[in-house]
Amino acid sequence: MTGYLTAIATLVGIRALLALGLNVQWGLTGLVNLGVVAFFAIGAYTAGLLAVAGVVWPLAWSAALVISGLAGAGLALAALRLREDYLAIVTLGFGEVLRLFLLNEAWLTRGANGITGIPRPLHGWFPVHYDLFYLGLVALAVALVYLVLERVRRSPFGRVLRAIREDETVAAVAGKTVVRFKVQAFVIGAVVAGLAGVFFGHYLAYIEPNMFLPQETLFVWLALILGGSGNNRGAILGAVLLLGLLEGSRFAKDLIPFLTGVRLAAAQQMLVGALLVALMIRRPEGLLPER
Amino acid sequence: MPPIAQYLFNGLVTGGILALPSVAFSLLWKLLRFPNFAVGTYLTIGAFAAFAVNHGLGWRIEWAWLWAFGVTGAVAWVADRVAFRPLRDRRPFALAIASIGVAFVLENGVRFIWGNDYRSYDVPVTRALVWHGLRVGREQLAILGVAVALMLLVQGFLDRTRLGIAMRASADNPLLARVKGLPTERIIGLATLGGGALAGGAGVFLGLDTTIDPLLGTGLIIAVFAAAILGGIGSAPGALLGALVVGVMEEVSTLVIPPTYKSAVGFAVILIMLLLRPQGLAGARS
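For the protein sequence lines, the chains are A and B, in the order given. Mapping to this note's numbering: the first sequence position 139 is 139, numbers consecutive. Mapping to this note's numbering: the second sequence position 20 is 20, numbers consecutive.
Excised from the complex, chain B in its bound form:
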């Protein structure tokens, strides 16, 4: 049996991938005031966008990743324009339902084109590094590195740039932000674009780490939700931390429960949080 450190490391990689959509999901929830269930499907879109150019056109995976990053951002932006924008002033739950509809359209669009088969990227085979019995894949290291870098960029953007500060202001108090003359719709558009791109990039990572199929991201929405709740809705560092916790818990859980129940870990986390600390680990008491 591999050492416990192996589970922890694999969990960190899973958590690093999970962090990207979780941060997007959490910030969009705070900004738009509804949980967007389509965020999971954005990962699928990203994974297949990269697959199309990686297999179809023979692009290197790095370029395919960048392409997926852009394509998914655009898809998320269009979805927001078409489906969510007309519903902005409705009850939040109406938007949550609409996001389920969007998720089904996107997921089945992918299924319509590529079918239900499992696929994988065309990447050069590399040998894993072994250190004291700990196997570290080079792809895993790259994934973790890029994920951390992206997280730092997001945080820097939110803290330091005018647009990032405006985005946080809109999330905190949309009415006040609008009164103060912030271009709310443009901010939402940008956040959707960025959030979709992050999720799409994560989809390629997930496809590299596992396999690609139309259900790739859909099943992840529960873990994403759990990470966002753990970190407190609207907190980017919180969502990152939450994602790492959920990722590590998912991997370590396989030591005690059958691996088939891995995806139930997120659900368990949500229930525990609901019962013990509904405001999140980092969130303030409301």
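Chain A with its partners taken away, still in its complex shape:
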């Protein structure tokens, strides 16, 4: 039971990081990122591949964050310089193409077999209660990212982001280079998603392309909208509630006889999609509205 709870809490922490990253993009700046899972995958794969190649973890992790950020900068620059309404499709397409790449370029990514035996950082220090230690590490990361993003939100930079979200013409008239701010916000979100990926890969010790399906992006969106977009605490609360929802519906399998694995997954995703739409209509500010 403790093992189960530790595992659940670790995954909540990872999803909370994803939601915090999306909050900078959508919550503060109003940018639609439908490729959250792509940056998650880049973080997991970069750190995982480097780690199994024997690179020490601080170096591998830094590389993962840098590559996530660069990918975010490239996409954001391509889309935001000209047509913001294309950002959604460019990010969605990027997620799909990246997954094709992970599946097919086995020379680099090991293809459908995935990466096995990703070493666990600092395992020598805590050989006994390593899972608890790792949970602590994830919790520490969530706390740090939360504090940094809270500072960002309150800073003059954060105010500009919110001004852009509300009315970018006004922000531009006030002398702000709107595109630059948007790209910066997008990159911050991409790096945080990359960090979540790093923790994910090292935690499972095994990653493969089908762990990074589009529904992961949808889950992060639901977490953020449910918790309260624009509110960093909301993002974390949303991640907790989402996992409660996903894990809770798993128990439905024991209660309803005709629910097979495929059907359960389908019902879960229907629920998530419907909840997202319902929240958009009924309570777009989420449980913890932006202050």
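In short, the hints are calculated from the structure, not lab data. Bear in mind that the values here come from a model prediction, so they are computed numbers and not experimental data. Every residue, glycine too, gets a C-beta built ideally from N, C-alpha and C. Just to be clear, a hint being listed does not mean it is correct.
[Unchecked claim] Below, simulated EDC-like cross-link-like pairs (lysine to aspartate or glutamate); rule was C-alpha separation at most 16 Å, straight line:
1) B:Lys262 x A:Glu105
2) B:Lys30 x B:Asp172
3) B:Lys30 x A:Asp85
4) B:Lys30 x B:Glu185
[As the list claims (entries may be wrong)] Partial chain A-side listing against chain B, Cβ under 10 Å, derived:
5) Glu84
6) Asp85
7) Leu87
8) Val90
9) Leu92
10) Phe101
11) Asn104
12) Pro214
13) Thr217
14) Leu218
15) Ala265
16) Ala266
17) Gln268
18) Gly273
19) Ala274
Dock chain B against chain A, hints included.
Just chain B, lined up with the frame of chain A:
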């Protein structure tokens, strides 16, 4: 290796199928001012609606196609009523997010009922026509013919009928259209119904040309988007042209890159367009 003409012909068929949802997607985007990501899933709905009556009730594929055409139109209309209408005056991006939610509900509804297996229609086997080494399937010819006919009908409707002209007016300037007393909601309802029907019909074609599974249409949304952008948002002939270009490029691309990357062609087209000509091939400079 088959001649290059074979790739071009297959590309035209793919493009013809792609044209139906692309035109729907492009017109709805202009009219409602948000990219509806659920349009791809409407193809899946159409494919399975036809599958249900074709296998379950033994209907001929022609009747099953008509049925799918109607059912998908109705599903799109209901989705619009339930999910999009309450959000009409919100930021366009809120609608785009909601459309992703709708797409997941529909796709997984299909998965819940039929599972993840690959299926195909019950159709009589026909021999392909061979002409100078070019293989032309009879189904392919029928698909291309119906797709072209539907495109002409859409264009005629938009150009010639009062309702079509009203629809274009609403898309160009919704405020002015409303002030002038056009029934905007009815126009949107009709456009959604028609757009959904076109996408559903295309879904059956795609199922005939390939196989049917719950991801049939979802993966197509990037190509649809690319076609709409190529043609310029809101232009029906543009979307048709864009779809043909994307379809041919997808097939011809397999000569130089592994076929597994076929679905990345749409993404490449979008990136190239963004960098070179963001207003579309046929669109005016804005």
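The hints, checked one at a time:
1. Restraint check for Lys262 (chain B) and Glu105 (chain A): satisfied, since their Cα atoms lie roughly 15 Å apart, inside the 16 Å limit.
2. Restraint check for Lys30 (chain B) and Asp172 (chain B): the C-alpha separation of about 8 Å stays at or below 16 Å, so the hint holds.
3. In summary, the hint linking Lys30 (chain B) to Asp85 (chain A) is supported, as the alpha carbons are separated by about 12 Å, within the 16 Å threshold.
4. A distance of roughly 15 Å separates the Cα atoms of Lys30 (chain B) and Glu185 (chain B); the hinted pair therefore holds under the 16 Å criterion.
5. Given hint, Glu84 (chain A) at the interface with chain B, holds; its Cβ is 9 Å from that chain's nearest Cβ, closer than 10 Å.
6. Taking 10 Å as the C-beta contact cut-off toward chain B, the hint placing Asp85 (chain A) at the interface holds, the least distance being around 7 Å.
7. Interface hint at Leu87 (chain A): satisfied, since its Cβ lies 9 Å from the closest Cβ of chain B, which is below the 10 Å cut-off.
8. A distance limit of 10 Å between C-beta atoms decides the matter here; for Val90 (chain A) the minimum to chain B is near 6 Å, and the interface restraint holds.
9. Contact between Leu92 (chain A) and chain B, as hinted, is supported at the beta carbon level, the nearest pair being about 7 Å apart and thus within 10 Å.
10. Annotation: Phe101 (chain A) was flagged as interfacial toward chain B, and the flag holds, the nearest CB pair being 8 Å apart, inside 10 Å.
11. Of the supplied interface hints, the one on Asn104 (chain A) holds, with its beta-carbon coming within about 5 Å of a beta-carbon of chain B, less than 10 Å.
12. Proximity of Pro214 (chain A) to chain B holds as hinted, the smallest CB-CB distance being about 8 Å (cut-off 10 Å).
13. Checking Thr217 (chain A) against chain B: minimum C-beta separation of about 8 Å stays under 10 Å; hint holds.
14. Interface hint at Leu218 (chain A): satisfied, since its Cβ lies 6 Å from the closest Cβ of chain B, which is below the 10 Å cut-off.
15. Checking Ala265 (chain A) against chain B: minimum C-beta separation of about 8 Å stays under 10 Å; hint holds.
16. With 10 Å as the threshold, the beta carbon of Ala266 (chain A) comes within range of chain B, its nearest partner Cβ sitting at about 4 Å, so the hint holds.
17. Taking 10 Å as the C-beta cut-off, the interface hint given for Gln268 (chain A) holds, the closest approach to chain B being about 8 Å.
18. Interface hint status for Gly273 (chain A): upheld, as the beta-carbon distance to the closest one in chain B is roughly 3 Å, under 10 Å.
19. Against a cut-off of 10 Å between C-beta atoms, the interface hint on Ala274 (chain A) holds, since the closest Cβ of chain B lies about 5 Å away.
Every hint from the earlier list agrees with this structure, and none is contradicted.
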